[in-house]
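**Student:** Listed here are the chains, written in short residue letters.
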Amino acid sequence: MEGLWTRIALRVWVVLVLLFLFIPIAIIPIFALNASKVQAWPPTSLTFSWINLTLSDPDVVSAIGLSVRVALVTTAAALVLGSLAAFAIHRTNFFGKDAISFLLVLPLALPGIITAIALRSSFTFANIELSIWTIIIGHTTFCIVVVYNNVLARLRRTQGSLFEAAADLGASGFQTFRDITVPLISTALVAGAMLAFALSFDEVIVTTFTAGAQNTVPIWILAHLRSGQRLPEVNVVVSLVILVTIIPVVAAARLTGGSGAARVRAGR
Amino acid sequence: MLLLGLPLAWFLLIYLASLVLLLVTAFWTIDSFTTQIVQSWDLSNFQLILTDPTYRTIIGRTVWMATRVTVIDAAIAFPFAYYMAKVASRRTQTLLFAAVLLPLWASYLARLYSWILILNHSGVLNWSLTSVGLPPANIGYSETAMLIVFCYIWLPFMIIPTYAAMERVPDSLLEAARDLGARGWRTALDVVLPLALPGVVAGSIFTFSLTLGDYITPILIGPGTSFIGNVVYTSIGIANNVPFAAALSIVPVVIMAVYLVIARRLGAFEAL
Numbered sequence: 001m002e003g004l005w006t007r008i009a010l011r012v013w014v015v016l017v018l019l020f021l022f023i024p025i026a027i028i029p030i031f032a033l034n035a036s037k038v039q040a041w042p043p044t045s046l047t048f049s050w051i052n053l054t055l056s057d058p059d060v061v062s063a064i065g066l067s068v069r070v071a072l073v074t075t076a077a078a079l080v081l082g083s084l085a086a087f088a089i090h091r092t093n094f095f096g097k098d099a100i101s102f103l104l105v106l107p108l109a110l111p112g113i114i115t116a117i118a119l120r121s122s123f124t125f126a127n128i129e130l131s132i133w134t135i136i137i138g139h140t141t142f143c144i145v146v147v148y149n150n151v152l153a154r155l156r157r158t159q160g161s162l163f164e165a166a167a168d169l170g171a172s173g174f175q176t177f178r179d180i181t182v183p184l185i186s187t188a189l190v191a192g193a194m195l196a197f198a199l200s201f202d203e204v205i206v207t208t209f210t211a212g213a214q215n216t217v218p219i220w221i222l223a224h225l226r227s228g229q230r231l232p233e234v235n236v237v238v239s240l241v242i243l244v245t246i247i248p249v250v251a252a253a254r255l256t257g258g259s260g261a262a263r264v265r266a267g268r
Numbered sequence: 269m270l271l272l273g274l275p276l277a278w279f280l281l282i283y284l285a286s287l288v289l290l291l292v293t294a295f296w297t298i299d300s301f302t303t304q305i306v307q308s309w310d311l312s313n314f315q316l317i318l319t320d321p322t323y324r325t326i327i328g329r330t331v332w333m334a335t336r337v338t339v340i341d342a343a344i345a346f347p348f349a350y351y352m353a354k355v356a357s358r359r360t361q362t363l364l365f366a367a368v369l370l371p372l373w374a375s376y377l378a379r380l381y382s383w384i385l386i387l388n389h390s391g392v393l394n395w396s397l398t399s400v401g402l403p404p405a406n407i408g409y410s411e412t413a414m415l416i417v418f419c420y421i422w423l424p425f426m427i428i429p430t431y432a433a434m435e436r437v438p439d440s441l442l443e444a445a446r447d448l449g450a451r452g453w454r455t456a457l458d459v460v461l462p463l464a465l466p467g468v469v470a471g472s473i474f475t476f477s478l479t480l481g482d483y484i485t486p487i488l489i490g491p492g493t494s495f496i497g498n499v500v501y502t503s504i505g506i507a508n509n510v511p512f513a514a515a516l517s518i519v520p521v522v523i524m525a526v527y528l529v530i531a532r533r534l535g536a537f538e539a540l
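Note that the protein sequences, when read in sequence, are chains A and B.
Residues 1 to 268 in our numbering are what the first sequence lists, from first letter to last.
Residues 269 to 540 in our numbering are what the second sequence lists, from first letter to last.
Only chain B is shown next, with the shape it has when bound in the complex (with noise of 0.2 angstroms):
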């Protein structure tokens, strides 16, 4: 128990301390005049999240974006983790795993930062597609920007787990499959995508909630739209309004606590 008391201590005094604070803090308002932080309970920074088309706008299109890019990821994420776990050698296996996992931790800013490269107007793409005599593509700073450059970030996040959870797919069942008549992409279909289903939501609980979480992608890569990060931070760093900023970063925590009921029932905790 002494092993634990140090960084039990350290996770209850900051950290529990500081998550219990900021839901305190959410139902506090502050005075428009001096700025301060006024400690009296009331709702009204829930109602104007609520009732605000604003911020009504901002949530569905945090949301709207967080599930394109899931379902873009599992969609790309599969046949490449049914070909690592499935079809190919031991020693590819391992590089290819190797492989994903150097994305994933290659620093984030860098991944973001090659994007505005590539898409920019005189960047990688519109060179690439005008030297092979096709029209520019055009899309830097655009919602397509975004749409992209979420996918790219979060992919190794969704492969991993998919991947995981195909191994223990046993290979016997896919020779039974096969015996029994069925072909390969029926095979990966009828066999392979329920028993792995475990594996791609446990992968979409990080692509859905980090993308419920970043505000630096919008601003670096978006044509200006805010998301709910943004308005978390501009609630913070240029208004100071530290309750408001907590009332709406409450609003993914919401989100994904519904998010994470649902995985459970689909067995995805067991596959993290």
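Isolated chain A (complex conformation) (with noise of 0.2 angstroms):
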């Protein structure tokens, strides 16, 4: 419907801004292979030992260690908290409902250090002293919703006649659960899950004031930009962020056809 001209100004526009959106994205795995120690481009030669020297560097495999368990504790949290969420939400209409909904909201729609700031000091306020508990306790408040979006939109796309039927066919309350409710979500509760252990790997904000003397990897990159230090082990590790980070939406969106990534994401 558009004249020609349009169409194909309409064309390199998109050309562009997708090449605006990728280019940052694909640069910095080429710069972890860069042999150089000056991070300067174009490289002059590829090599593989900035890989191996940073995945021996003890302070690298124990960040990654510490972001793995945080991840994984953050996201059986998100997990059972966010489904149960979803479940009062869907399945109740109570005075109150709204403000619900909207207050789980809320750490992603406030910009992260408002989030990481009131946390912080109400750790401080209770003496309760910062720890890989209190790391946890930040991300799984911004990830509950993660959970709590995907499963409540499958749930509104599923008919509500299925539990009736299940219902009708003597099935007890744990019967349907088990074998309707759950098959119908668990795609939803796979791709809540992963995105949950993305942004927790990722999160920076609500970490560098919920974290004690530990180092997760993103409060390790951010030290170590912020310093200038190993920057070709920082090459490394952020590519490997990238990897960690893009494989879950990819497989979320496969799984629940691009809608359950496509809803908010934290900017924190």
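Don't read these hints as lab results, they were simulated from the structure.
Even glycine gets a Cβ: it sits at the ideal position worked out from N, Cα and C.
Take these hints with a grain of salt, some might be off.
Computed list of chain B residues with no C-beta within reach of chain A, every gap over 10 angstroms [as the list claims (entries may be wrong)]:
(1) 379
(2) 406
(3) 477
Sample of chain A residues facing chain B (criterion: CB under 7 angstroms; computed from the structure) [stated by the list, open to error]:
(4) 21
(5) 25
(6) 112
(7) 118
With the hints in hand, could you dock these two chains into one complex?
**Tutor:** Quick look at the structure:
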């Protein structure tokens, strides 16, 4: 319906925007293979030695270990709390329902630094020492909503008649849950879990304020970016983080037809 | 109700309580000798923020940056979303959607760092310019660098809601506009733009709020100028003045509250 030139102009625009979006992401893995210690373009020669060196650096290994532990516990907690909240909001209709669903989305809507200093000041106030557990509490707070959104969207698209049919056929509440509900929402749960993992693994602002002496991977990266030291190792670690954050979103998009990952991502 | 009990308890006990405490802390002060928090109600933190020209400059600078980022992102996103929703085939549409989702989720720090590699003195941009015979741009660690990077990081947040709103504009309206003699760009401006506006406003909530609260981009990409987030960060991390940080962090919340009221009037909440 557009003129030929409008179409061509739109195509060119789309290609330019795609280049703008993807060139930066593609550059880092190239730098990770750059033999030179200086971060200059173009690389003079390529090597795998930085990758080997980085993966045997005890600081990096312990940061990865901590990030994985935090992300796993966070994901488990977010799965339980997020899907419980989704069931409750879906099933019942009560006064204050809107307020509660607003409350759940709040950690995503407010700038990350607000959530971060709010949690930090209450940990200080309650004399709770900062540890891996305070990091997990912080991450869980904004990961709940990712699971919640995915599960709630799935439940809303599911026909209530399925549950009624199960009940009519004599299934108990638990049987209905096991044989109807769980299979129906399983891909939404998996998608939500993977997105929560990616979100936690990459989180830096809330972590900065809720971690004590612990270094997660993003904290390690940020510290070295600020000091400008060990940049060849930073290239390798950042490439790894890109992988860890991109794989779950591809998988989640496949499981939910794209809708799961499209729902608001925390900007923290 | 039992189902809701657990997650609700988490949010009420941990999150909401923390936010309320933050609000209360903003009215406290610290003893300048002992740096202990003094729990007495006064407005001195807010007075300082509102009267000291330094803080007014910082707030103004942050809001101005957020405004520019929002406008530029909307301008970049609009034709892109229009192509996605109204021109592209079903298959291309799905691919483009995935192509916007990937950078949205790819690590935040990674995307910041890549721009250091692009914009620094011996980076990709200067090399590309000089190799085609142009003078180097040399915009590393500048105001412009920050603007580019902010626009880059938050762009997907603008594209997705704009696209979603445009997809809901029925094709029959576009056909009607064409039958009435409107040309392509005229249809885009007079029919699609007003109907897609709630989507653009929804996207602007993210670009605006995320820029207001970010302190890492100014640290890593900028020339060292402070934004609201940086002052909040140093007030806690270096000065250990939690009450002042709390008071200052209420500024972006108030700005966002005003913004949300306006956005709601423009129908952005249905487009979220």
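**Student:** Now tell me, hint by hint, if it's right for this structure.
**Tutor:** For each hint, the structure was consulted:
1. 379: 6 angstroms, violated
2. 406: At about 14 angstroms from chain A, residue 406 of chain B clears the 10 angstroms cut-off, so the statement holds.
3. 477: 6 angstroms, violated
4. 21: Residue 21 of chain A check passes; min Cβ-Cβ to chain B is 5 angstroms, inside 7 angstroms.
5. 25: 6 angstroms, holds
6. 112: 6 angstroms, holds
7. 118: Hint on residue 118 of chain A: holds, closest Cβ of chain B at ~4 angstroms, below 7 angstroms.
Consistency note: the structure conflicts with the earlier hints numbered 1 and 3.
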